[in-house]
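Residue numbers (the working numbering), protein chains in the order written: chain A, 1 to 200; chain B, 1 to 332.
Treat the hints loosely; a few may be bogus.
[To be verified] Computed list of lysine-lysine pairs in DSS-like fashion (alpha-carbon distance at most 30 Å, straight line): (1) A:Lys167 - B:Lys77; (2) A:Lys50 - A:Lys146; (3) B:Lys152 - A:Lys97; (4) B:Lys69 - A:Lys162.
[Claimed, not checked] To spell it out: a stretch of chain B is covered by chain A in this simulated footprint if at least three of its residues, at any positions, have a beta carbon under 8 Å from a beta carbon of chain A; those stretches are: (5) 145-152; (6) 181-192; (7) 205-212; (8) 270-281.
Hints were generated in silico from the structure; no laboratory data involved. The beta carbon of each residue, even a glycine, is placed where N, CA and C say it ideally should be.
If you want the building blocks of each chain, they are given just below.
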Amino acid sequence: MLRLAAIACFLLLAPTARANAAAIVGKPAPAFDAVDVDGKLVQLDAFKGKYVVLEWVNFGCPFVGKHYGSGNMQELQKKFSERGVVWLSICSSAPGKQGHVTGDEAKELIAEKEAAPTRFLLDPKGIVGKLYGAKTTPHMFVINPKGILVYNGAIDDRPSTKRADIKDAKNYLTAALESSLAGNKVEIAATQPYGCSVKY
Amino acid sequence: MQPYTVVMVSKMRQTAAWLVAAGFLLTWAPACRSGATGGSENIDVALLSESASIQPGRPFRIGLHMKMKDGWHTYWKHPGDAGLPLRIEWTLPPGFTAGPIEWPAPEPIPTGDLMSYGYGHEVLLAVTITPPARVATDSARIGGAFDWLECKEACLAGSAQLDVTLPVRPEPPPRGRSAPLFDRARARLPRMPEGWVLTATAGPRAIELRFQPPSGIRPSGGTFFVEEPLVVEHGAAQGFEPSAGGYRLTLVPAANAANPPQRLTGVLVLNGVDRRKGSAVAVNVVAAPGDPSPAPPQSPKRNWPPVPLYATLVALVGIVVVVALRRRAARP
Chain A
1 MLRLAAIACF LLLAPTARAN AAAIVGKPAP AFDAVDVDGK LVQLDAFKGK
51 YVVLEWVNFG CPFVGKHYGS GNMQELQKKF SERGVVWLSI CSSAPGKQGH
101 VTGDEAKELI AEKEAAPTRF LLDPKGIVGK LYGAKTTPHM FVINPKGILV
151 YNGAIDDRPS TKRADIKDAK NYLTAALESS LAGNKVEIAA TQPYGCSVKY
Chain B
1 MQPYTVVMVS KMRQTAAWLV AAGFLLTWAP ACRSGATGGS ENIDVALLSE
51 SASIQPGRPF RIGLHMKMKD GWHTYWKHPG DAGLPLRIEW TLPPGFTAGP
101 IEWPAPEPIP TGDLMSYGYG HEVLLAVTIT PPARVATDSA RIGGAFDWLE
151 CKEACLAGSA QLDVTLPVRP EPPPRGRSAP LFDRARARLP RMPEGWVLTA
201 TAGPRAIELR FQPPSGIRPS GGTFFVEEPL VVEHGAAQGF EPSAGGYRLT
251 LVPAANAANP PQRLTGVLVL NGVDRRKGSA VAVNVVAAPG DPSPAPPQSP
301 KRNWPPVPLY ATLVALVGIV VVVALRRRAA RP
């Protein structure tokens, strides 16, 4: 009885405690596991030793539309995957909210948009999103091979929904990955992300 | 999943509006065409003029009036956690210049743990246009491309091409029909804090804004809307308490800020203060380094019991009931 109560307490309080954790640049990236579009478990720890990009996504959001409609996001996914970077797209839209997808719907969209993430994770309860403090779609994170968060923020410096703005934008994600891959410190490690709010 | 749509004013609708407006003007109005409308399904937009004509060399106001459908909103110059402010690309006659958008004090727009800053219901975003000292034409067309983000639960990009044509006259311009809307918007603009004492201190645990309003202003609470990114956690509760000779408002620093801010800029909006006395003031002060302590958040609506504890109690009662029922059921 007591044990049951203790477990209940833990279960009820645990999400709150986790929600208070945050992804702080320079600190270890919070560990998580989530299922991908095929229902397979993906653990962040399994990618230790590699650079990992986390990309929050919602295909109903016009800011995401800007970066996928122009092919910008797919290009980044392909370019860095080829260089050994693990790319995890994460959808934290809750069921019934804008952008929520089932595994099959996600697979269709990935095919339609020719997206190329390493894995596409489903986070309908928003557990991973809240753990990282993901605020917008897109919201980008970079984790280094030691598991330290080295970038948290916007994809670039042009908060807009216009595709035409991509050409002259400074891409923070590219800068963070290029610096890291070259063994240098990330110059701009934290920015304010821009986009639609994550539909928790 | 909702489709991604960019809402555009259709050419046809615009043409139709112009035809109607033109017919109206020919039969009734003097040579002033103002209020070309357009927008989206969720927001009615119109470009309005405060004055009925233009006097060369005399600045006047043009404003984008946005009327939101229930639950829809647009954003302040700093949108908080998510969103996008209005962007204008003006098309002006030669020699005319446009000033910055005059942003009224925003409203908090919470969605879950996230906090955005913007406007629900209605807003007029005014801009001061300065004509040159000499204008050769007898009318001037002020137009532009307007882009904004509108959100309810979902977000859509909205855009419109709008313009207003006003007669150019030598005499000071009379007030236009939309002037009362401009008066209302002006009352919502943050005021310069004349007669106020404002100081800020920034530390690792909190950013503190101490303020002493002019006598007669006694707020019951307040909200600070920061206007720079990566300064505060927008969604965190703000502390508000009376302190020696004034008030103390505390903010939670942004977890990913590289350094504490050196200045604190934004708008302080006070509760329980008449708008005419100045319920919103512009803040732009040096933030001295220090270690202010966080203050208790201001009177939350549900003070007790806290939600996690409440949920735990409910769950415990539930478990006791289930266990008791099972035991009873297990008895022969």
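(message) Name the hints, by number, that the structure is in violation of.
(response) Of the numbered hints given earlier, those the structure breaks are 6, 7, 8, listed in rising order.
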